[in-house]
Amino acid sequence: MNSSLLKLEQISKNFPGVKALSDMSLSLDSGEILALLGENGAGKSTLMKVLCGIYQPDSGHIYIDGKPMVFANYHNAIEAGIGIIFQEFSLIPYLNSVENIFLGREVTNRLGLMRTAEMRKEAEALFERLGVSIDLDKPVAHLSVAEQQFVEIAKALALDARILVLDEPTATLTPSEAEHLFKIMRELKSQGVGMIFISHHMEEIFAICDRIVVLRDGQPIGEADTQKTSVDELVEMMVGRKVESSFPAKNDHKEDHEIVIHAKAIQLEKDTPINQFELRKGEILGFAGLVGSGRTELAMGLIGATPVHHKEIEMHGVAVKLDSPAASLLAGIGILPESRKTEGLILPFSIRENISINNLAKHTSKIGWIDQRDEADNITALIEKVRVKAPGAESIVGNLSGGNQQKVVIARWLNHDCRVLIFDEPTRGIDVGAKAEIYRLMRGLTEMGVSIIMISSELPEVVGISDRVAVFKQGEIVQTLSGADVNSNEIMRYATGGASHE
Amino acid sequence: MNNTLQNTNKTQGKHSMNTQLARWRQSPIFYPLLGFIVIFIAMAFVNDNFLTTNNLSNVARQVSINAIIAVGMTCAILTGGIDLSVGAVMALSGTVAAGLMMMGLPPELAILGCLIVGGLFGAGNGAFVAYAKMPPIIVTLATMGIARGLALIYTGGYPISGLPKDFSFLGRGEFMGIQSPIIVMIIVYIIAFVILNKTPIGRYIYAIGGNEEATRLSGVRVKRYKMLVYTLSGVTAAIAGIVLTSRLMSGQPNMGVGFELDAIAAVVLGGTAIAGGRGAIIGTLIGAMMLGVLNNGLNLMGVSPYVQNVIKGGIILLAIYISRSRDSK
Chain A
1 MNSSLLKLEQ ISKNFPGVKA LSDMSLSLDS GEILALLGEN GAGKSTLMKV
51 LCGIYQPDSG HIYIDGKPMV FANYHNAIEA GIGIIFQEFS LIPYLNSVEN
101 IFLGREVTNR LGLMRTAEMR KEAEALFERL GVSIDLDKPV AHLSVAEQQF
151 VEIAKALALD ARILVLDEPT ATLTPSEAEH LFKIMRELKS QGVGMIFISH
201 HMEEIFAICD RIVVLRDGQP IGEADTQKTS VDELVEMMVG RKVESSFPAK
251 NDHKEDHEIV IHAKAIQLEK DTPINQFELR KGEILGFAGL VGSGRTELAM
301 GLIGATPVHH KEIEMHGVAV KLDSPAASLL AGIGILPESR KTEGLILPFS
351 IRENISINNL AKHTSKIGWI DQRDEADNIT ALIEKVRVKA PGAESIVGNL
401 SGGNQQKVVI ARWLNHDCRV LIFDEPTRGI DVGAKAEIYR LMRGLTEMGV
451 SIIMISSELP EVVGISDRVA VFKQGEIVQT LSGADVNSNE IMRYATGGAS
501 HE
Chain B
1 MNNTLQNTNK TQGKHSMNTQ LARWRQSPIF YPLLGFIVIF IAMAFVNDNF
51 LTTNNLSNVA RQVSINAIIA VGMTCAILTG GIDLSVGAVM ALSGTVAAGL
101 MMMGLPPELA ILGCLIVGGL FGAGNGAFVA YAKMPPIIVT LATMGIARGL
151 ALIYTGGYPI SGLPKDFSFL GRGEFMGIQS PIIVMIIVYI IAFVILNKTP
201 IGRYIYAIGG NEEATRLSGV RVKRYKMLVY TLSGVTAAIA GIVLTSRLMS
251 GQPNMGVGFE LDAIAAVVLG GTAIAGGRGA IIGTLIGAMM LGVLNNGLNL
301 MGVSPYVQNV IKGGIILLAI YISRSRDSK
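Protein chains in written order, with the working numbering: chain A, 1 to 502; chain B, 1 to 329.
Same shape as in the complex, but just chain A (with noise of 0.2 Å):
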C-alpha cells in the first residue's frame, strides 16, 4: 500500500482539562467508505473538526494522496478536497439551493454580475447525478431536512470533493431517505468518492460501510471489516462492556389507570385534522409517524409552545388552559425539545445554571434570594443520578458532548416534580450506551406515577419503550395501538396510510 487517499497520523489534540484525541491515526481509500463508530464525547466531532482544519491538532500529521498537509482553517481543508455534511447544516437559510451550493464562488461574467443561468444549470446537472429533484426556487429553510441534505450533499460535490465526510446524516431522516442517501453514496463510491459515515446505526454500518473503526476516548480502540465482525463485538469495544438489552420491561395493566391528560380536542390552525389523545398515569404514549407528520407540532400546541386555532384540554377531569410553557410548567408538564441545542438549553450558561433555571424558587429564600449551596448541593447529587460526564457543575454547557447535553436537560425535568413530561427525540445523536440509561431513566419516572410522551422517529425504539402508540399521518393521529399492537409492521402500515411495510 503506497499512499491512501488520505491519511491521519498520531493526531493529538487537548483542551484545557481535557483530553480529546491522542495519538489518532486512520486511513481511508479510494471508493471507500469508513464507519467511525463510537459513544458520544468519544472525539468524532473533534476529529472531523481537525480534518476540516476548524481546530489545529497540537501534534501529528494529515496526508492526502501521500502529501503532508495542513489545514489552517476551513478553506485550505476544501481546496484539497474534503467535503463535511455537519449535523447542523451550513445553508444559509434565506437563499435557495442554487445560491446555496455557489456561495462564495458565484459564476460572473466580465462586469462581475453573476451568470444565474449557467449556475443554475449546474445545479441541475448536480442534483440530477444525485438522483434527486429539489425545487431550485425555494429558499432552503423551506425544504425538508433531508432535502437540505441532499444540498450540502450537492454543495460539496460542487467543490469536487474526493474524501466526503458525513457526520450522522440519517439521524434526521426517515428511513425511506435514509436508503435514497445510501444510493447517492454507493453511486459516489463508484466515482472513487472516499467517505467517512459517522452514525450510531449499526444496520446502516452494516448496510453501506466496508470498514469500521471504533474511537474510545479521544484514540482509536479497534478497526473491523464489516463483514467480518458483529454488532456485539462492535458495541462492546465502543463502550468497554457488554451492554444488555437497552430497552427495561415495560410494566403492564396502564389502562384502568386514572387519566392524567385528556386532550379533548386539538386544532392548530383552521381546516387541520382535530386530534384527541389520553394520557393515563404511569405509561409512555409514544408519538410515531415519519418525520413532518405533526408529531412536535401537537406536542409544542398541547403545552401552549406555539398558538393554537382550538383546544380542549382537561387534566385529572379539570378543564385547564395551557396557554403558555410557563402555565404547563405549572399544571405539572414539561418538554424535553427536539433540538437540544437551540431549544432544550442555554449554551454559555453552566450545567448547574442549566438545570435549575425553572426551578429557582426551591432554592429561591423568602427575601429572594438564591441559596447558592443549596442549589449547587441539589445539581451535585442530580449530575451523578443521570451520569452526566463532566469536570463539574461549574462546566459549561455548550462544551459538553451532544449525550451529555441530553441528560443535563433530563436532569433539569427530574429536579421539578412534573407529572406530564414530553420527549422529543430523546436519544438524537446520541450512542447505544446512553440511550440505554435514558430509557431507564424514563422506565424509572413512570413507576414514580410519572406520564410520558414519547415523539420519537426510531421505531425500534418506540416499539421497545411504549406502553401504547399514536401514529400520526399529515397532521392526524390515524391510530392508537396497544398491547401486541406497538410492533413495526403496524406502525409503518398506519403511518403510511395502509401500505403494507417492505
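Because the hints were derived from the structure by calculation, they are not lab data. Cβ coordinates follow ideal geometry from the N, Cα and C atoms, glycine included. Where hints are given, some of them may not hold.
Said to hold, decoys possible - Here are the computed lysine to any residue pairs in the SDA-like style, where the Cα-Cα straight-line distance is at most 20 Å:
{"id": "1", "chain 1": "A", "residue 1": "LYS311", "chain 2": "A", "residue 2": "ASP271"}
{"id": "2", "chain 1": "B", "residue 1": "LYS223", "chain 2": "A", "residue 2": "THR229"}
{"id": "3", "chain 1": "A", "residue 1": "LYS473", "chain 2": "A", "residue 2": "ARG493"}
{"id": "4", "chain 1": "A", "residue 1": "LYS250", "chain 2": "A", "residue 2": "GLU458"}
{"id": "5", "chain 1": "A", "residue 1": "LYS321", "chain 2": "B", "residue 2": "ARG23"}
{"id": "6", "chain 1": "A", "residue 1": "LYS341", "chain 2": "B", "residue 2": "ARG23"}
{"id": "7", "chain 1": "B", "residue 1": "LYS198", "chain 2": "A", "residue 2": "LYS473"}
{"id": "8", "chain 1": "A", "residue 1": "LYS19", "chain 2": "B", "residue 2": "LYS223"}
Claimed, not checked - Distance windows between CB atoms, simulated:
{"id": "9", "chain 1": "B", "residue 1": "ILE187", "chain 2": "A", "residue 2": "ILE274", "range": "44 to 50 Å"}
{"id": "10", "chain 1": "B", "residue 1": "LEU51", "chain 2": "A", "residue 2": "ARG373", "range": "38 to 44 Å"}
{"id": "11", "chain 1": "B", "residue 1": "LYS133", "chain 2": "A", "residue 2": "ARG186", "range": "26 to 32 Å"}
Following the hints, put chain B in place on chain A, whose structure we already have.
Chain B alone, transformed into the frame defined by chain A:
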C-alpha cells in the same frame, strides 16, 4: 464512570496555578479591569494633578450619571436587547420632576412621580418588545424620539428653573464627605448586583440572552421578564435624570442627548457580550469609570475634545476586538 467528577477534580489540583489564572481570565471582568488599571496608571503618569483626592472624587461624580444609566442598559443588553431611549427618558423624567416641584409638590413626591414616568415609559418599551415582538433597537429608537418630543412639549423648549433648595442635595450635596451622586450610584449598583447575581430574576435575564427559546420552553415567563428589564432601564434613566436635574437645579429638556451611546460604550467596555447572555454589572461600572478616567485625563492634558472623540472610539474598537478574540477561541 461514577468517579468522573472526583477524578477530574484531582487532575485539576496538579496545575492549579494555571487553572486559577485560566479561571480568572474566563471572568467577564478580567479584561475590563486590566484595561481600567492600564489607563488609570497611564493617566497618573502623564498628569501630576490626576491622582489628587479632589480630582478622583470629581471623576467619580462625573461618571455617576452615565454609570447609573448603564445599569439599565446592562440588563437590556444581557437579554440580547438594547435601550436607545434612555437619554431621552432621562430628560423627560427630569423635566417632569422639575415641573412637579414647580407645581408645589415636595421634592420627595416629585421624585416619586419622576420614577413612575421613567418606569412607565420603560414598561411601554418592554410591551412593544416582549408582547408585540418588535426589535428593541427599532422600538427604542422610536420611543427615544417620542420621549424627547414630550419633554420639549412639556417644557415648551425652555429649562424649568427655580427649584426648591432642598432638592439640590442629590446633585450637589455630600454625605460623610462623599458627593451625593456617587452615593446614589453606589446604591443603584448594589441593588443591581443583588438582583442580577442573587435572585432568580437575574438568572432569567442572563438565560434569556443565552437562549430565549430554551428559557421559554423551560417554563420561564420570558415576556414578563423582558418587560421588567425595560422597565428597570426606564427607572435607572429616571434616577439619572433626577441626579442631573438636581445638579443643574433646572429641568432641561435637552439634557442627556447622546447619553445612550455612552451607556452602551460603558456596558461593552465592561465586558458584556452585545449579543447577550454574558457579562457582569461590576464590569459596567468599570467600563463607565474607564471612560470617565479617559475623559478626565485627556482634559487635564489639554487634548482637544475633537481628538478625544477619536481616541475614545478607538479604545472601544480595541476593547471589542479583545473580547471578540476571547469569545471565539
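Hints that the structure is at odds with (numbers, increasing): The structure conflicts with hints 2, 5, 6, 7, 8, 9, 11, although it agrees with all the remaining ones.
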